[in-house]
Structure formats: C-alpha cells, structure tokens
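**Student:** Okay, here's what each chain looks like letter by letter:
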Amino acid sequence: MNHEILCGPSFSILEVTLAAGERIVSEAGAMAWMDGNVKSETTTRGGVFAGLKRAVFSGETFFQNTYEADGGPARIAFAPGVSGEIVPWPLQGDELLLQRGAFLASTEGIRCESKSEGLKGLFAQGLFVLRATGTGTMFFSGYGAIDTIDLDGGSHYTIDNGYVVAWEPSLSYRLTKARKIRSFLFSDQLLLSFSGRGRVWINSRSPQSLASWVHPFRRVKSKDSSGGIQIGPVNLGGE
Amino acid sequence: MHIDLSGGGLFSRALVHLEPGEKFVSDAGAMIRASSNIDIDVTTGSRGKGGILGGIGRLLTGDTFFLSTYEVTDRRPGEVGLAPTHMGEVREVSVSPDEAWLCAGGSFLGAASTLTLDTRFQGLRGLLGGESLSLLRVSGSGTLLVSALGMLTGMNVDGELIVDTGHVVAFTEGLSYKIDKVGGGWINTWLSGEGFVMRFSGKGRIILQSHNPTRFGQMLGPLLPERQA
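Line by line, the protein sequences are chains A and B. Residue numbers for the first sequence follow my numbering, beginning at 1 and rising by one. Residue numbers for the second sequence follow my numbering, beginning at 1001 and rising by one.
Quick caveat, the hints were computed from the structure, so don't treat them as lab data. We put the CB at the ideal spot given by N, CA and C, even for glycine. There's no promise every hint is true.
What the hints assert, rightly or not - In silico contact screen, one side only, chain A against chain B (beta carbon under 10 Å); selected entries:
#1 Phe11
#2 Ile13
#3 Met31
#4 Glu85
#5 Val87
#6 Ile149
#7 Gly162
#8 Ser195
#9 Ser204
#10 Ser206
#11 His215
#12 Lys221
One chain only, chain A, in its complex shape:
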C-alpha cells in the first residue's frame, strides 16, 4: 500500500494505492473518490456494541467502511470533514489515543475503540476518546495546521483541551487551570497538563471556537413560536 497526501497542508486529502486484495478501513463518509474496482463493505467492526460505543461516545461513525482492491490495484481517496493537515502514523502493536473525530483511516490491522477518560478527560467534546491499537498505519486529521510537541519526561506541558488531536499512551495528563480561580469562573477554557515521555499532536484551529463565534449571528427565536415544554395541555413555561 502506498499513500500520498494531496492538496496539503491546508486542504489535505489522503490518496491510497492498494495492491490487488489489499484493504483499508475508514470512517463512513470519508471516502471522496475511488477507482471502479474497489469493493466496499460496511460493518460495525468489532460488533454492534463496539460500533455503538464509537458512535455514541467518541463521535465517530457507528459503521466503518472497509475498502478492498478487487482483481487489480486501485486508488482510493479520503477527505476529513475539516480543512487542515493529515498525519500518517505507524503502529507496531502499540497504541495511540485520539480526540473525538480525529480518526480518518487505517490499514486493516488497526482497531479503534472508544475509551472512557472519566472526569479527568473533560475534552471539549466529551469524556471519551478513541484508542487505536494494532499493527499498521493510521491516518488522523485536525482543523488547521498540526504541530507536534515532544515531551522528554522532564517538565510537563499545558495544552488547551480543544486543540489536542492525538497523544501517545506513554503520556499522562490531568485537568488544570490558570492560577487564579476567577479565570476558571469566567472563561470556559480548560487546560490539560501533559507529562511523561512521548508526543502530543495539536491543531491550530478549533471548530468549537468557530461555532461559538458564529452563535451570536444566529437568528433569535421569536417569543410566540417557542412554547416551552408542553405536556398535554399544560404549558410548563417557556418565555
């Protein structure tokens, strides 16, 4: 299998060339184009429960698609939902942890499952992250440019929870905050403090931040159209 990142770095797309019989797995919806001899199969990979966990908890799709080059080599391209960089990363029996939504595609020997991070996580988009394990190459993406931060086991490093894309499991992290408590009261920024030896990938833009910025531009619901919660004929308030 050969891969090439096209249209990068700002609008990266992953194009893979499969030898006959080779397979690649992606999130449902990520396939952008492919040759006519690619056979696709949609499964929950790991069973219904694994699919459900991925979908409900980790923001990935319930189904994952497996693509196979049938009868000869074939090209297939995958595009992330946001514009930005794609990172190829090899796994050799080890694992990688990914922020919700960062997974794009992987070779067949890699499994993705949802992992609860409990309350220590508090990632911008939930308490669950994705854990990729196995042997092969995986591809993940982020909004904007992706930078790497290598920790040498000495001092820790602080990262805004909305910008973490992926990190190696050799690292541990905890939720932290700016020194003064008032910052915590007024600002919705949560910071993660990483420590240990390993690598963290961060992206340079946040979909969350863009969504918050757009919010005030949304039309405001007019008073008479919002009826509050209605249970039978009783109106429990509203505006």
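Knowing the structure of chain A, use the given hints to seat chain B on it.
**Tutor:** Showing chain B alone in chain A's frame:
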C-alpha cells in the same frame, strides 16, 4: 522575546518565546499551548485598567474582554502558543513609543506586556446594520500580534482612504477618521448593501484584512437553527 509565526496564510499561529522576566498578554481564548514554566493569569485588562466592570462593558459589545498574562516562573526560557479563531494570517506589528496604534477588538491576538492596552477606549457600537467597532489603543514599545479572517495587507495612507469598518485591523493613531456612509443619502447606503465606512485622512500606516468577519457571520448565522434569546 522572539515570536515564530508559522502556518503561512491560512492557519497561522504564533509561538511566543519568553525569557525570564518577560511577559506577554493575549486575548484569553487564544492560548493553545504553554510550557510548564509559564504562569497564566487571566484578568480583565492590562495593568488593571477597566477592572471587572469595564470588562463586562466590553463583553456586552461582543468582544472577549478577558486578557491572559503569561509570565515565566523560573530562570529558563518559556513558550506560549497563540491561535485566532478564524482561518487566516497572523502578523507582528512593531509598535514604537512615538506612535500608538488603534487595533480593532476582533483582530487583537496578543501583545508584549511592555505595551499599554487601553481597553476602555471605546469605538462605536450598535451601528445600524449590526455593525460595531471597538478599538483597542496600543501604546508604548513592543510587539503587537494581529490576526485576520483571510490575509492581511498593509498600506501607507497619505491623503484619504475609505475602508469598510469590517476590513480594518489596525492603524496608527496619527490618522484621523470619521465614520461615514458610502452613498449620498441614507437610502442609498441601505440599498448599496455597504455598511459603514471609515474615512481616514492624514498620514500614517494601516493594516487591512481581506475578508470581513461580520459579513461571514451574517452569511452563516441564518443557515443555523434559531437560538434562544
């Protein structure tokens, strides 16, 4: 202190390297990373100006009013990474004591603490058509970081320049300006779809952004479900 800007045009971010004793200030939401020896303090204004109440005033105008101050806590150098919300460029502006800059609130990313930021300097708000403009006065000596929706372009003004308020990023204080409408009359202005413009005159430097965030927001907002008031 030195700043690495990377990411070219579209996804620029700034990595600010601080030496012991140096401080940097940014819009509170802009920090994406910091080394462990950086102390982060979130306040409502640089050098105590504005205070909590002044800050709330700015919050109501729609700008983030919280400023974070970063300071190295030990004898080693430290670093802070900053990124704006929008796709676009980040640029350093070197401010010198002989001329202050006025920076549009939404374009301010950060500044060296050697600069004085006057958050109480009010621009205009509640203009017809939902446009508003809050200006931050930046004076002293040091580096100011500005960001854009899209690309930034700088030019010298000598004479008169008319700019849509949404494209103004920063300009030197020596330029005088007045808020004006494009067309002849009010009806003309309304029909033209052009918002308010700033009519600059005099001699100075101005930095503009290729895209107008308010227009972008006004395009996106109506495509989303209505929100509660």
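**Student:** Look at each hint and say if it fits the structure.
**Tutor:** Consistency of the hints with the structure:
1. Phe11: Nearest chain B Cβ about 9 Å off; hint holds.
2. Ile13: Since the shortest Cβ distance to chain B is 15 Å, the answer is violated.
3. Met31: The hint is violated - Met31(A) has no Cβ within 10 Å of chain B, the shortest such distance being about 25 Å.
4. Glu85: 8 Å, holds
5. Val87: 14 Å, violated
6. Ile149: Status holds, d = 7 Å.
7. Gly162: Check passed: Cβ of Gly162(A) comes within 8 Å of chain B, closer than 10 Å.
8. Ser195: 8 Å, holds
9. Ser204: 4 Å, holds
10. Ser206: 7 Å, holds
11. His215: 7 Å, holds
12. Lys221: 4 Å, holds
Against the hints set out earlier in the document, violations occur for numbers 2, 3 and 5.
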